[in-house]
Every structure is written in C-alpha cells, then in structure tokens.
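There are 2 protein chains.
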Amino acid sequence: MNFEAYNPTRLVFGAGSLAKLGEIASKYGKKALIVTGGNSVKRSGVFDRAMESLKAAGVSAVECSGIEPNPRITSVKRGADIARKENCDVVIALGGGSAMDASKVIAAAALYDGDPWNLIAHGQENWAIPTQALPVITVPTLAATGSEMNCGAVISNDETKVKSFVSTECLFPKVALVDPELTLTVPKDQTAYGVCDIITHVTEGYFNGVDGTPIQDRFAEGVIINAIEWGKKAVADGTDLEARAQVQWASIVALNGWVQAGVHMVPPVHMIEHALSAHHDITHGAGLAIVNPAWMRFAAKSRPERFAQFAQRVFGLTPDGKDDLTLAMEGINAYVLFLKEIGCPTTLAEVGIGDELFEQYAKDAALVVHDEEGNLLGRPPMNEKDIVEVLRTAL
Amino acid sequence: MNFEAYNPTRLVFGAGSLAKLGEIASKYGKKALIVTGGNSVKRSGVFDRAMESLKAAGVSAVECSGIEPNPRITSVKRGADIARKENCDVVIALGGGSAMDASKVIAAAALYDGDPWNLIAHGQENWAIPTQALPVITVPTLAATGSEMNCGAVISNDETKVKSFVSTECLFPKVALVDPELTLTVPKDQTAYGVCDIITHVTEGYFNGVDGTPIQDRFAEGVIINAIEWGKKAVADGTDLEARAQVQWASIVALNGWVQAGVHMVPPVHMIEHALSAHHDITHGAGLAIVNPAWMRFAAKSRPERFAQFAQRVFGLTPDGKDDLTLAMEGINAYVLFLKEIGCPTTLAEVGIGDELFEQYAKDAALVVHDEEGNLLGRPPMNEKDIVEVLRTAL
Chain A
73 MNFEAYNPTR LVFGAGSLAK LGEIASKYGK KALIVTGGNS VKRSGVFDRA
123 MESLKAAGVS AVECSGIEPN PRITSVKRGA DIARKENCDV VIALGGGSAM
173 DASKVIAAAA LYDGDPWNLI AHGQENWAIP TQALPVITVP TLAATGSEMN
223 CGAVISNDET KVKSFVSTEC LFPKVALVDP ELTLTVPKDQ TAYGVCDIIT
273 HVTEGYFNGV DGTPIQDRFA EGVIINAIEW GKKAVADGTD LEARAQVQWA
323 SIVALNGWVQ AGVHMVPPVH MIEHALSAHH DITHGAGLAI VNPAWMRFAA
373 KSRPERFAQF AQRVFGLTPD GKDDLTLAME GINAYVLFLK EIGCPTTLAE
423 VGIGDELFEQ YAKDAALVVH DEEGNLLGRP PMNEKDIVEV LRTAL
Chain B
73 MNFEAYNPTR LVFGAGSLAK LGEIASKYGK KALIVTGGNS VKRSGVFDRA
123 MESLKAAGVS AVECSGIEPN PRITSVKRGA DIARKENCDV VIALGGGSAM
173 DASKVIAAAA LYDGDPWNLI AHGQENWAIP TQALPVITVP TLAATGSEMN
223 CGAVISNDET KVKSFVSTEC LFPKVALVDP ELTLTVPKDQ TAYGVCDIIT
273 HVTEGYFNGV DGTPIQDRFA EGVIINAIEW GKKAVADGTD LEARAQVQWA
323 SIVALNGWVQ AGVHMVPPVH MIEHALSAHH DITHGAGLAI VNPAWMRFAA
373 KSRPERFAQF AQRVFGLTPD GKDDLTLAME GINAYVLFLK EIGCPTTLAE
423 VGIGDELFEQ YAKDAALVVH DEEGNLLGRP PMNEKDIVEV LRTAL
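Sequences listed follow chains A and B, in order. Each residue of the first sequence is one higher than the one before, starting from 73 at the first, in my numbering. Each residue of the second sequence is one higher than the one before, starting from 73 at the first, in my numbering.
Just to be clear, a hint being listed does not mean it is correct.
A pair counts as met if it fits within one copy or between any two copies, since identical chains are not told apart.
Below, a list of computed lysine to any residue pairs in the SDA-like style, where the Cα atoms sit at most 25 Å apart [what the hints assert, rightly or not]:
| # | residue 1 | residue 2 |
| --- | --- | --- |
| 1 | Lys305 | Arg385 |
| 2 | Lys412 | Glu402 |
| 3 | Lys99 | Pro259 |
| 4 | Lys304 | Glu293 |
| 5 | Lys305 | Glu377 |
| 6 | Lys305 | Arg378 |
| 7 | Lys92 | Phe119 |
| 8 | Lys114 | Asp427 |
| 9 | Lys92 | Pro80 |
I should point out that these hints are in silico values taken from the structure, not numbers from a laboratory.
Model the full structure from these sequences, guided by the hints.
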C-alpha cells in the first residue's frame, strides 16, 4: 500500500442545485463557454435555466453545442477556438460524460498552442500532458461516467479511429454541480447504460487492483450493491427522484478516486470497449455491458477466489461446498441476469458487431495501457489472442 | 440528499514515506515549525529522520514540543509565537491527533492578531472562525483521530475546563504524509484507544446522520468491519506492518469526509467525551470506549432498526425471529466484547471517574452543538437529564 490520493473538486450535490450555477460560475470569471451535446438540454429546459442563473449572477455565456456521444477531437478544437476568440474565463459542461470530457480538454486546449490531439494519450512518444487549463464546472445531466468529479477525459479521433484518454491534475473540475433532477428525463436505455458504466468503473479496480485492500473492497461492493438496487428502480421509474439521486451519487463515488485509492487499478475492460466504440458508434455503457461479463469469465479462471468473493458479497450467493470457480461463474451469471433485466445488451450480435475487426480491436485495446511485451495491463495481462478470445465469447 | 463535499488535502501514503518530508515541505517554504508531543518521536528516531529529510531538501526547522495529549490553547499560543518570531513558512505536525490539531490552530493563530481562544467554538457570540492559515503538513505517528486529512481541530482551555473544536476549510492540511511504519512502536493501550476513536468517528455519522444514505452506510460498515479485524491484529502484534497500515488507512477514511459525505452527521458521543476529558486527563479514545456503548444502548431504544442493521452487517448476527431491539442490543454487546478484547475500558469506574460532576459534564456537552432548546444534537436529541442517564449507565 503505497499511493497518493488527491481530489480538490468541490462537490455541490442535491435536487435543485442547478439554480446555484451562476453564483458558482461568477467566482471564476465573467464569461463562460457552455459545452453541450445534443438537443436534450434545450428540450428539457435545463439549458435555459442554466442561462438564467448565469445571467442573474452577471456571467455572460457563449455556447459550444453538438458534442458527439463519443466526443471527437475536432469538437475539442472547435470549442477551444470559441473559448479563445470569445475570451472565456470558465468552461461549463452541461450534459453527459461526453460534454464533460470534451470540456476538460477544451479547457486545456484553450491554453495550448499545438494540436489538441497531442494532449491525448495515443501511443505517441511525446505526449503533451496538459499542465494548465481554464477552470471547469461540470453539471451532469446523466449518471454514468463519473467525469463530473475526476480529472480524466476520453476523446476519439475520427480520422485514425483511435479512442483514448488523458488524466492529469489540472483537469480536475473546480466544482461539480450535481443536480439529480436533471436526470429525471433520461430514457430507460441510457439510464441502464449509465448504471452499467458505474458498475464497471468499480469492477475494473476491484478485479484489476493490487492485493490487500480490504477497506476499498467493501467500498466497491457497497457501490455495486446500491447501483444494482437503485439502478433497477431508476430504470423502472425514471421519475423516482430518490433512485435518480442514489444512482447519481453512485456514479460520482465510482470514479472520483475514493473507492480506488491505493488500488492501483488498470482498466482492461474499458480499453477493449474503447476499441469497439472507436469503430462503431455504440454507447460506452452498452459496450461495457457486453465486454465486462465476457472479460470476467476469462479472468475468473486465473483468480477464482476473487470472483467468488464478488458472488458472495454482492449477490449474497453461498458456497455450499462449491469450488471457487463455480461460485465465481454463478456470480457472473447473476450479474448478466441483472444487465438483461435493466435492458442492456450482453452480446455483440445485439449491437450488430461481428468478428471482422477482432484483430484490430485487440491491437487498439493495448495501444496505451500495456506492459513491456505489449500485453494489455490487467489481472491477468492479456495478449492479442486473449482479447480476441474474450470478444469471441461475447459474440 | 443536499450537501457539499470538499477535501483538497493531498494524501501521500505508504511505508517509508517519511523520507519524502523534506521534498514535500520545500514546496511550501524554507523554514518549518515542527510541532511535537512528548518524547516518543525523539526516542523512536522519527524526529531525527524528519530533520534529516528537511535538511537535505534545504528546509530549516524550529520546534514547538510538549503538546499535551489534550492540546491546550496555551500551547497553541506558544507555537504561534514561535512561528511568528521565527518567520516560519510552514507548520509540520509530527505526532498524534494532539500535535496535528494544535498545528492547525497554530497555523491559523500565527496569522491572527487576537486571542487564539477566539478561534475555537465555545459558545461565544462572535466566533472568529479562521479564514487563513500557514500551510500545514501532517505526519501522524498514531492511527486514531483522522486529523491528518481533515480540517478539524479540538483544543482545550485549561482555565475554563472547556474542550471544544474548530472546523473550517483553511485548516485542511496541504499534505497528509502518512507512513504506517511510524506507528509500529505505539503501545498496545494507545493502539486500542486509537481503534476505538476510528470506529466512533464512523458510528457517530452512522447513527446520527440523516436517513437515505445507503452507499455511505456500506462505506461506514466497511470501515468498522476492517477496523475491528485489523485493530485486533495490530493490538496483538504491534510489529505487524500490514495491520498497522490497514488501521492507519481506516483512521484516514473514517474522518476525511468520504464516509460522511451527505450524512450531515452530528457527534453527540464526542461532545459527551470531550466534557469528560476536559475535566480528567483521560485519553480521548478510552473515553469514547466508555461513552459510546452507553450512548448506543440509550439511542437504540428510539431507533432499534438502525442498530439492528449494525448488528447484522458489522457482526454478522442474524434476526432469527428476534425483534429489532433485541438484535440491536446483541450487536452493542458484541461491540463491547470487542472493546474489552483489545483492552479498552468500558466503564467510568475503570478510569476513576465518579458521578460527582455529571451535571457539569451534561451542561458542557451541549455547550456548542445544540438545538434551540439547548438539547445536545443527535438522534435522538438529548437534554441534560438524558446525558446524565447515559453517564449513569456507564458507571
């Protein structure tokens, strides 16, 4: 257990807290760039309420709209150009993970003279890791990525079909303004994909961290148990504010560094999913619902006792004389049943992906997070053949 | 669930990390005030190692030693005077909770012209809550108070026999440098009192927070389960570095705001214990071992289902048709058994406290944290008669 933990983002959480946006933003400047995705924030009235709050606090705003579900580096460039041209002091992300991730990189790119793609890890020798950024305020409208309270961002390059990440301290949002009311209108399928994303953030560390982290284990299990319980409720009734609040809270703690402190996690499932969604415009959470169980079945073989613990503590399954691997597989089956119950796809066929590009995905997945032999980091490390094997079981 | 969460302290955790002190301190200045308690850091060689690390990094240091186990405002004044006279840039706490708490208030008092006692809550009308402080680095040598990574401090006034607190953002340490090796020499009794302190920080929020915090419940239970498991090991064998590291980590998460985020905790047990240890020089953790079970038996009567959950999830007890209150009491009994097993006192008689000043303690306990009628805040709120009743059951 040797590690650092640091997260200076101020979290302001609660139903109705959107009304505080102007007051909060005014601490960081006079002019804001508001980064949004599709039209849902306009239709729901959230955009107008945000603008009113800013106006009342004397903060003017320009918009960078149309951030894609898998945000592209071209959109980051566009946003950074607006921020510079309009002399914006602060970047406000109003949307899901894509708007938040784009906002962080826009905030860094606005203060960086080179090509913004240099800021993103993609196997280049001289990765220009950002050292400064405009202040960012995140206002999530979806409970999923946890991007609201961490310093990571995932960006896609449509030209090279590479989807990769950056994670560095200057990208921590100053404030995460989290109002679960904003998620009340999220459709059932996106709600479910969000829940799957939340759970996968936790399972990555739980299954791919170091040994000897029993407190973090309990934290992780607690988040998963509640994401399952309240996720079902939020999918069943989108207007259930308590369920929405619990899922939103789970999304934050799943990836703000608390559950993973000292775990030294690596995220093989995310790396494989990124390779898929760089080539196919599937929702990240849906991709995870397909890849994670397939990966779990593969990984359980080399560490059945860990997956048996998952089966017992998360799903309340009992050993009853079974060996660890049998119990482990029962736990994974229970997880797949849950994913199906909330309407997630669990096979590649369901999202129309075949095996044509498996070799390419396997190569892309190990592009950045790999060991000296080029194996994708994780427990166990995976070579390209392993990744193809996992994908094949997900067909 | 409406709340804010914020903790900008950088945690550097791990065996051997004391060697990083100089490098870390040099980021905050050229001259440090080192605040220490008794002679244990000298005897153990920790003080010399800290000085060497500082020297190697070009940081000079002056010392403020002799901070009492229940740190006094007179010591804070003394430390602030040294810091001012010697133009210290940074305050380094090297010791247990008392050195850390004193350091925070010294750091604020060094930049405050009035009487430092004004900075501490004690029922005064114009509480001078600190707004600025010198940077503080905490280096705990005991796993107990959690002061290393939070913005709170508890200070005693020997003249007025009042022990009270301050908690405000400018008192967050810049860095918590936590090296579990430094706790290897802590004696059995102090180790046990520390474990009791850790658990009580968590139970305060668990039993006195708002309803509807299921994720935080799991976090709290996870900390308690592990503090019990690893606490026993650390008491049994003080040289067990893994046990020391787990207990140290439990102490941090028990009171750095993660477990309590959104819980809106109030700490009635701490308030009652502070009233005791203001009049008697007992170790805070030992006082908590006495007061907490007595308080739990009192509070369980008004919310048995909550204490039944504690019995089930922490101690694995099963309802088997019992009513909640019966199960609750069994859980509290299990907790008392654990306290006895690690050698904590669980009655006032064991520490030589009688009932002579019960009325006074009851009055002191509700001095700051009270409702409009003067009741000590908690679930349930307690009037002076209630507090006396709890103390009487602890005789």
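Going through the hints against the structure:
no.	hint	result
1	Lys305 to Arg385	both (21 Å within a copy, 23 Å between copies)
2	Lys412 to Glu402	within (15 Å within a copy, 40 Å between copies)
3	Lys99 to Pro259	neither (34 Å within a copy, 49 Å between copies)
4	Lys304 to Glu293	both (17 Å within a copy, 23 Å between copies)
5	Lys305 to Glu377	between (31 Å within a copy, 23 Å between copies)
6	Lys305 to Arg378	between (28 Å within a copy, 23 Å between copies)
7	Lys92 to Phe119	within (14 Å within a copy, 47 Å between copies)
8	Lys114 to Asp427	neither (39 Å within a copy, 66 Å between copies)
9	Lys92 to Pro80	both (19 Å within a copy, 21 Å between copies)
In the structure shown, a violation is registered for the earlier hints numbered 3 and 8, in ascending order.
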